[in-house]
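**Student:** Letter by letter, the chains look like this.
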Amino acid sequence: MITAIAWKNVWRNRTRSFTVVAAVTIGIFAGVFSMAAINSSILQRIDAAVNEELSHIQVNSKEFRKSSDIQNVISDYPEVEAVLKSTPGVTDVTGRIIVRGMASTATKSTGVEITGVDPEKEKQMFTLSGRLIPGTGSYFEENTKYNTAFIGEKLAKELNIIRYILTDESFGKLEEEGVPAAVLEKLGTLKGERFTSEKKFRKAFGNLLDASENEKYTWKVIEAAWNYREGSRLILSFLDAGNNQTGAAFRISGIFRTNNDMFESTGLFVPVSELRQLTGMGEGTFHRVIARLENDDITNDITKEIRQKLPDYEVMNWKEIQPDLAMIADFMGQIYAVFMIIILAALAFGIVNTMMMSVLERTRELGMLMAVGMNRRRVFIMIMLESVFLSITGGFAGMAVSEVVIAITGKTGINLMKYSEGMEAIGYSAHLFPTIDLKFFISTTILIVLTGIVSSIYPARKALKLNPIEAIRTE
Amino acid sequence: MKVIEIKDLHKIYNSTQIKVHAVNGVTLSFNEGEFATIVGPSGSGKTTLLNLLGGLDNPTSGQILVDGTDLSTLKPSALTDFRMRNIGFVFQSYNLIPVLTAKENVEFIMSLQKITAKDREERTFELLKAVGLADRADTRPSKLSGGQQQRIAVARALASKPKFVLADEPTANLDTKSAYVLLDIMEQLNREEKITFIFSTHDPRVVQKAQRVITLEDGRVVSDELKK
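Protein sequence lines, in the order shown, are assigned to chains V and C.
Heads up: the first sequence at position 58 corresponds to 639 in the working numbering, and the numbers run straight through without jumps.
Heads up: the second sequence at position 12 corresponds to 282 in the working numbering, and the numbers run straight through without jumps.
Hints in this document: simulated from the structure, not taken from any laboratory.
Keep in mind that this is a model prediction, so the values were computed, not measured.
Check each hint, because a few of them may be wrong.
[To be verified] No more than 25 Å apart at the CA atoms, straight line, and that leaves these computed lysine-lysine pairs for DSS-like:
{"no.": "1", "chain 1": "V", "residue 1": "K589", "chain 2": "C", "residue 2": "K413"}
{"no.": "2", "chain 1": "C", "residue 1": "K345", "chain 2": "V", "residue 2": "K1043"}
{"no.": "3", "chain 1": "V", "residue 1": "K589", "chain 2": "C", "residue 2": "K384"}
{"no.": "4", "chain 1": "C", "residue 1": "K345", "chain 2": "V", "residue 2": "K1046"}
{"no.": "5", "chain 1": "C", "residue 1": "K388", "chain 2": "V", "residue 2": "K589"}
[Claimed, not checked] Facing chain V, a subset of chain C residues (Cβ under 7 Å, in silico):
{"no.": "6", "residue": "S347"}
{"no.": "7", "residue": "T350"}
{"no.": "8", "residue": "V369"}
By construction, the Cβ of each residue, glycine as well, lies at the ideal position given by its N, Cα and C atoms.
Given only the sequences and the hints, what does the whole structure look like? Please build it.
**Tutor:** Written out as structure tokens, the structure reads:
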């Protein structure tokens, strides 16, 4: 009966209770949802790091990471491969040849890390092949007599391989996307003109459009003018195994786009057979052997195991190679905690305030209850239940709203295109797909209930201090 | 049989400036089934005496024995429990629980006593019938008139079959007709249930119905007369 009374008491002042419930709902939603967004951003970054760039475990010769000299090789690949493959949990193994060199086109040149890969194997182990920009070719599928290279968009831009031209096709595309005719007309003067960098192009059309048009259409215009001529070539020069300068022309087989500018601007992949031939490296020698695991949870344990089995090599997992990422992943737990403390503290103050009002305006009633024989324990429980009901109602509403919004945005994504430059520069996607795990949901719910209980203590104690005679006399 | 025995009861309020001797050496006893009123001018100590009888306040000296139990020997929690089991309260301003229906209000103390739902139901129905509000069982207090609310309050006070019922000016807020209806109901319940009723009042309508009239003045009993 006390439970029923407590529940009814919560709703006797509907406006007040609804206000608190709404505040709690919004607070919980804001907290949970932003957590989900941050969480997704970090998960996407980790996912990209593991699945596109690093894989789980890498084995190098001990000196390779210090000096990426071409001589620092793993000379007995079959043995290393056998050790890795015999380790439970390892699903796939591949070798890479990695040389530092220079990539140049007619107008530009830049330093790159040239990675020789086994295209078949890599396609199974990494998702990078799926990052191919449509219309730029393929992931080494073309049968050609040329050497071929799979390069990042950022690198392609740096080498002026990507250009910006407003063609008839571009105008058609913009029109389709609902860009007004007035804007198209202004852009008309640039038709056919070729820009070698995004910056120059942006400046040129930026001057033609007014501020609000720029704000709205910049991305669409850049996207529409993005131009790549298939079959473009670049020259790679590097030192061979005998430390002689060598080089060759490479035809671009495809261009990939990731969320990580660093990776995109230095990453350049070529088939390992071509690179082996050009460098004159012996069969069965590689610079790096890469292992993929069943799942990421076992990474630390397997790393230890392999490290013991291969004492002559440097064995590292992705967390050790990119400690910043591992730190952020671990840091998430602490961010969760800080976030929740702030939200719950706000929740607690709201509840204490409401319950205080509720207790003070019910002085006479509480006095009567005590007079007719409701003992202190029961009064305390009643007030506590009221607080808990209040916080649970708001908390659950908040969790429900969060879950729905996260489910929806988790599918559609949140597009932060405006900030994409900044976010992608540090490797984070500007397109977020909020996710939250069950553990977070459950722990948050428990915390909400606990907060309700804790915030009931002060008002409940206040109620207990009432003297029935005086309380009944209160008008 | 004596239900309540009061022996040389004193209550002194020590406010900062003046000492108020609200109850000054009262010795009284009440028998089972009595229908008694305590009358007297404002400030004569009626309410204080009633609060002391109800175990809501502690006497400065003297004893109150209810069925042989000395109230002053009980710890606060035991006293609360004692009130719940032995004393019914009717307040001047009804003091029903606003979020509960008439029926639930009557049931409330019984639920504190952990009486089974079936027994509660029966007793509640019986009492609501007795106070003539069986048809309003599911109505909330705010939808009832003052007289009706006070009748529910009487039903609530009697629900747990207390040894006695204390009513502090129960008719003060009621119109004449409602007051008579209420008094008739109380009189009838007093007869049927053999529960002692003690009122404080200065309402002549109540005095007229009472079997025993105790008059207080300055905290002392100045007269104690049995009528009829």
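**Student:** Hint by hint, say whether it matches the structure.
**Tutor:** Against the structure, the hints come out as follows:
1. V/K589 to C/K413: Cα-Cα ~17 Å, so holds.
2. C/K345 to V/K1043: holds, 21 Å
3. V/K589 to C/K384: With a Cα-Cα distance of about 20 Å, the restraint between V/K589 and C/K384 holds, given a limit of 25 Å.
4. C/K345 to V/K1046: Since the Cα atoms of C/K345 and V/K1046 sit roughly 16 Å apart, the hinted pair holds (cutoff 25 Å).
5. C/K388 to V/K589: Cα-Cα ~23 Å, so holds.
6. S347: holds, 6 Å
7. T350: Holds. Min distance 5 Å.
8. V369: holds, 4 Å
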